[in-house]
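*Asks:* Between the sequences and the hints, there should be enough to build the whole structure, so can you do that?
Residue numbers for the sequence shown follow my numbering, so the first one is 329 and each next one is one higher.
Any given hint could turn out to be false.
[Said to hold, decoys possible] Derived DSSO-like pairs (lysine-lysine); straight-line CA-CA distance at most 27 Å:
id : residue 1 : residue 2
1  : 412       : 461
2  : 379       : 412
3  : 358       : 412
4  : 461       : 365
5  : 446       : 412
6  : 446       : 379
7  : 446       : 358
Please keep in mind that the hints were generated in silico from the structure rather than gathered at the bench.
These figures come from a predicted structure and were not determined experimentally.
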Amino acid sequence: MSLRGNVILETTMGPITIELYWDHAPRTCKNFFELAKGGYYTDTVFHRIVKDFIIQGGDPTGTGRGGTSIYGIHFDDEITSELKHTGAGIVSMANSGPNTNGSQFFVTLAPCPWLDGKHTIFGRILSGMQVAKRMGLAQTNPHGRPLEDIRIVRSSAYAT
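*Replies:* This is how it looks when you write it as structure tokens:
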């Protein structure tokens, strides 16, 4: 795959730049890159935040039940034993079971080894970790929904 690049999410709390792991998850990286480049994530919310665990977004419906990939509704996992949820800043696909990747993603706020082998890791925060940590402190309802919207104002992708 000749395309290589990273993604910038400009959020209401500040920018987050995500380095994509093209060598480990090329289809997942292409999906995220193309969705970001095309503005798919623009004006979407981080619909789930769990303190010291994750921030989750990428659903245009804002419910946690929507979103599609560039390949159709779902696409297969690209799980590798070489990548693990070892700390804060790991970017993975959210799913509802094996091979159900769409557009939703999450960023870890701490080590999450129980997620290894269940979610495709496709990148890490290159810059903006403090922004993600602040998001992780947002007040939420009992279901993890932020009481005040945290939005992706604009998404973009650039070649590396």
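*Asks:* Does each hint hold? Answer for all of them.
*Replies:* For each hint, the structure was consulted:
1. Taken as a hint, the residue 412 and residue 461 pair is honoured in the structure, with Cα atoms around 19 Å apart against an allowance of 27 Å.
2. The straight-line distance between the Cα atoms of residue 379 and residue 412 is roughly 20 Å, inside the 27 Å bound, and the hint therefore holds.
3. With a C-alpha separation of about 20 Å, the suggested pairing of residue 358 with residue 412 holds against the 27 Å cut-off.
4. Note on residue 461 and residue 365: the hinted pairing holds, with a Cα-Cα distance of about 24 Å set against a maximum of 27 Å.
5. With a C-alpha separation of about 10 Å, the suggested pairing of residue 446 with residue 412 holds against the 27 Å cut-off.
6. For the suggested pair residue 446 and residue 379, the alpha carbons sit about 21 Å apart, so the restraint of at most 27 Å is met.
7. A threshold of 27 Å between alpha carbons decides the hint, and for residue 446 with residue 358 the separation of about 20 Å falls inside it, so the pair holds.
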